[in-house]
Every structure is written in structure tokens, then in C-alpha cells.
Amino acid sequence: MLDPKLFRTDPDALAAKLLRRGYVLDVAAFTQLEHARKQVQVETETLQAQRNSSSKQIGQLKAKGEDASLAMAQVGDLGERLAAAKARLEGIQTELDQLFALVPNLPADEVPEGADESGNVLVRQWGKPTDFGFSPQDHIALGAPLGMDFEAAVKITGARFVTLSGDIARLHRALAQFMLDLHTEQHGYTEVYVPYIVNQHSLFGTGQLPKFSEDLFALTGDEHWYLIPTAEVPVTNMVRDALLNAADLPRRYVAHTPSFRSEAGAAGRDTRGMIRQHQFDKVELVHIVRASESDAALEALTGHAEAVLQALELPYRVMQLCTGDMGFSAAKTYDLEVWLPGQNTYREISSCSNTRDFQARRLQARVRGDEGKPELVHTLNGSGLAVGRTLVAVLENYQQASGSIRIPAVLQPYMRGKSLIESTIHTQAQR
RNA sequence: GGAGGGUUGGCAGAGCGGUUGAAUGCACCGGUCUUGAAAACCGGCAAGGGUUUAUCCCCUUCCAGGGUUCGAAUCCCUGAUCCUCCGCCA
Numbered sequence: 010m011l012d013p014k015l016f017r018t019d020p021d022a023l024a025a026k027l028l029r030r031g032y033v034l035d036v037a038a039f040t041q042l043e044h045a046r047k048q049v050q051v052e053t054e055t056l057q058a059q060r061n062s063s064s065k066q067i068g069q070l071k072a073k074g075e076d077a078s079l080a081m082a083q084v085g086d087l088g089e090r091l092a093a094a095k096a097r098l099e100g101i102q103t104e105l106d107q108l109f110a111l112v113p114n115l116p117a118d119e120v121p122e123g124a125d126e127s128g129n130v131l132v133r134q135w136g137k138p139t140d141f142g143f144s145p146q147d148h149i150a151l152g153a154p155l156g157m158d159f160e161a162a163v164k165i166t167g168a169r170f171v172t173l174s175g176d177i178a179r180l181h182r183a184l185a186q187f188m189l190d191l192h193t194e195q196h197g198y199t200e201v202y203v204p205y206i207v208n209q210h211s212l213f214g215t216g217q218l219p220k221f222s223e224d225l226f227a228l229t230g231d232e233h234w235y236l237i238p239t240a241e242v243p244v245t246n247m248v249r250d251a252l253l254n255a256a257d258l259p260r261r262y263v264a265h266t267p268s269f270r271s272e273a274g275a276a277g278r279d280t281r282g283m284i285r286q287h288q289f290d291k292v293e294l295v296h297i298v299r300a301s302e303s304d305a306a307l308e309a310l311t312g313h314a315e316a317v318l319q320a321l322e323l324p325y326r327v328m329q330l331c332t333g334d335m336g337f338s339a340a341k342t343y344d345l346e347v348w349l350p351g352q353n354t355y356r357e358i359s360s361c362s363n364t365r366d367f368q369a370r371r372l373q374a375r376v377r378g379d380e381g382k383p384e385l386v387h388t389l390n391g392s393g394l395a396v397g398r399t400l401v402a403v404l405e406n407y408q409q410a411s412g413s414i415r416i417p418a419v420l421q422p423y424m425r426g427k428s429l430i431e432s433t434i435h436t437q438a439q440r
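Residue numbers for the first sequence follow our numbering, beginning at 10 and rising by one.
Simulated from the structure, these hints should not be mistaken for lab results. Among the clues, some could well be false.
Think about it this way: if two alpha-carbon atoms lie no more than 27 Å apart in a straight line, the pair counts; the simulated BS3-like pairs of lysine-lysine are [unchecked claim]: (1) K47 with K95; (2) K220 with K26; (3) K65 with K95; (4) K382 with K14; (5) K26 with K47; (6) K47 with K14; (7) K220 with K14; (8) K14 with K95; (9) K427 with K137; (10) K26 with K14.
With these hints in hand, go ahead and build the complete structure from the sequences.
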């Protein structure tokens, strides 16, 4: 949520900034509401003040043992007028809140302007696309003989799920373990375990609600619970409604969780393989920092995600998202794109964003500042990395002509020292 | 699932329906003292909003939402959550 003061002081300037990311703010509608709010609020508070002083007077009379019936009669219909004014004010305030809740974050000044992903800017590149002496296969072809089974998942649930068995399941787990260990041991993160089901307040706090409910899996029941679309939601919400001490910051959290996305509106995109699933594992990085540190924190966080790709020796590039391609809550975002030989292209494997105080305002997450005054924290999040897509990248980049997969050196300790996985009797017997 | 008890400022913890936005302690900030620090002592210290050049002033907030009342932290109802005991259970 943006600072309501921005709306009040110069709505036209705000509208111009929002237009950079393609959002059209209805200034006229807002201004009208704001006018009404001001008028009704002053009226309400005047009535409230009258009632307060009258009641206080009655109290004083009674305390002195005097007759208060005259004063009480004078109160008259004040209560009813006040209740009516309050009701009107509440209605206006609700409308304003709804408007505020739907406005996306302002892009940082340095974010390049663009309408969609074609406007994203290459920041840097690491490694070169893997050069094979043969025609590389995609992860679907490579995975099938190794225990990657989409048919079984269709039977169990439906499209956009997968089952893994044997070494490839272990490799999937190894990737997550390696990432957790790297971030906790080398990058100073605290590992956290969090609920995979969250309430509406949490989803509002990080910006998924009220605007993007169609992307979520909602549970039935009276509680209005949802499966998490990313660990960003539960982890960032750990500091909701908190007033932290400056000494407690920065906080760096890492969590390995599944993510559930309905992928509504993505029909026909990446329908084959593990690239776009309803359920996928992710190791998520979250920073809670002082405002003054958040720019540097985004660079650091992105570097931590990159470190995973470098350790795995996977070629990648860093893209800065343009205004039109950024998420609702983001002020600035870097995407990490890994090279996928099977698709002969770079694909997103991590997205690292600074939301500045946008989420913090929704979360009421604050820190006591230098002069003792509470100020909003800044929140950042990024994947470090998406485990499913990392598995895809390893399969495709480490494949051999025979179809077997070499195991990256850093993962071998997690694979009982194995350096190769290949089609096994076990998986062949299933076919 | 059943019974009972809690939920108050950053934290702990008082609070007869009427100057209680809320005692007290801790923490924090400033000062005195000290070579410096600690201790002691003195003073300050909730958040959000409205109006305002600013000060002042006003409003709201004691888990949440309703209700009673001229007036609610305080009384009533509903819900959330925590604790204790019983039952069940991985």
C-alpha cells in the first residue's frame, strides 16, 4: 500500500508515476471521495467532541452530588446525529481503503520503462550456454527414464503435477538441502519452518489479496484459508504488527516450502514438463531491513541467489524488470534466468524484489528509529532458488549423449557421493 | 470435544461505569555526579488521524465485532487467541 499522503498532497504527480507501470489512477474519483472524507470527518469529530464534553460535565455534576438531569436533557439527539455521521464516514473510509488496496507499488526511479517483458534490461551474464557435442534433449525426455512421471500425477491429481522417484527424487531433495545449507552457512540466513496454509490477513499483507485471488488455491470452510503461493507470504508475515528494535535488524530468513499456484490464465503456456506446475518447491529468501539499507539489501539478496547458480555451474543472466513487467508489490525486481538447452533459451529461475515500505505498510511492520520514532521497515524477497526449475536446469545442462546425468560436484555429498544418475532397473521395471 | 481462567503501552503489570490515554516497574532518551563507565539521583517517554505555517486544539485506539448508557479499559453478547485441567490423538 502506498502512503495515503501521496494521494492527498499531489494526486496528479502520483498518477503520472503510476502511469509509468501502466496503471491508470482515477484521480477525479479519488479527489471526490477525499473531499467527502474531509468534510464528514470534521463533522463527526465535532459531534464527538461535543458529546465527550457533555458527558464529562454530567460526570462532574454527579461527582459533586448535584442534579444532572438538565445537562442530560441537553444532550438530546446528539447520539443519533453522531451515529449517522459515523456511519457515513465509515462508508467513505471503506471506499478509500478499497481504492488504496488495489493500487500497485511505485517503481523505483531507476527502473526502466516498458510495457512488458520485452522491455527488461540485461544487467549481467554468467557462464556461457552449455556447448554439447550432440543435440541436447529437454528435461521431459531426459527425466522419463530416470523416474520423472507426469502420467502418474495426472492419475493422482490432474495436469500440472509430477511425481519423481528414485535418484531424481533424491536429486530434487539434494538441491533444496544444498540451498538451505549454503544460505544458512555462507550468507547469514536464519532457517525458518512456517505454515503452508495462511489466512486472508497474511495474503493482504504481502499484496496477493484482494487483487489476485484467482492465482490462489482457497480452502473450503469458514476460515478463509489459502495454500501459500510462495513462502514469501508466511515468512514476511512473521513481522506483521510488530514494532522491532533497530538492533534486531537486518533479519534474513530462508525457508524451504512448497508453493501452490492455480495458474489461472496461464492455460496453454508451458503445459509440458516441470516449468509451470500447480505445486513446486522453492527455497525463499526474505530480508527485513531499515529503509536506509534496502537498496543494498536487494543487491545482496540477488547475489545470494546467484551464488546457488554459480555453485551449480549453471549459466545464467540477470535481468532488471521494466516497469510493466514487475509484480504488484515490487518497487524494483531482478529476475535470474538460467540457460535451458532443451528450450535453447534462458528461463526465469528466481525473482528478487524490493517492496520497500509497500508491504510493511500493509503489515504494520515497524522498527523504532534513531530518534525513537517508529518507522516502517522495508521488506525484500527472492527465490534462492525455485527447486523444480533448478532440477530441470541440472538435468538439461548436465546431460550426456547417453541420457545419463552428471551430478554437480557440490551436490554429490547429498547424493551419497554419486557422480552420475542413469536409468535404473527399478524405473525400467515400472515401464 | 468438555470445563475453567486470561488477553491493557516496546516488555512486565495495576486499573470502584464519570479529568484513566491509562498507576507502577523494566527498557529507552536527556541531564547531574564520575578521568571514563557502572550505580545513584533528576527529567522525559504510546500509536494513528484531523486541523494548522507552526504551536495549540480536537478525534480514535486497552484482542476483534456488536450491544447497554448522557458516558465503557471497566457491564452484556458473539468471535479470535493464549493458559490450566479432562478426553481423544500422530
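Violations among the numbered hints: Violated: none.
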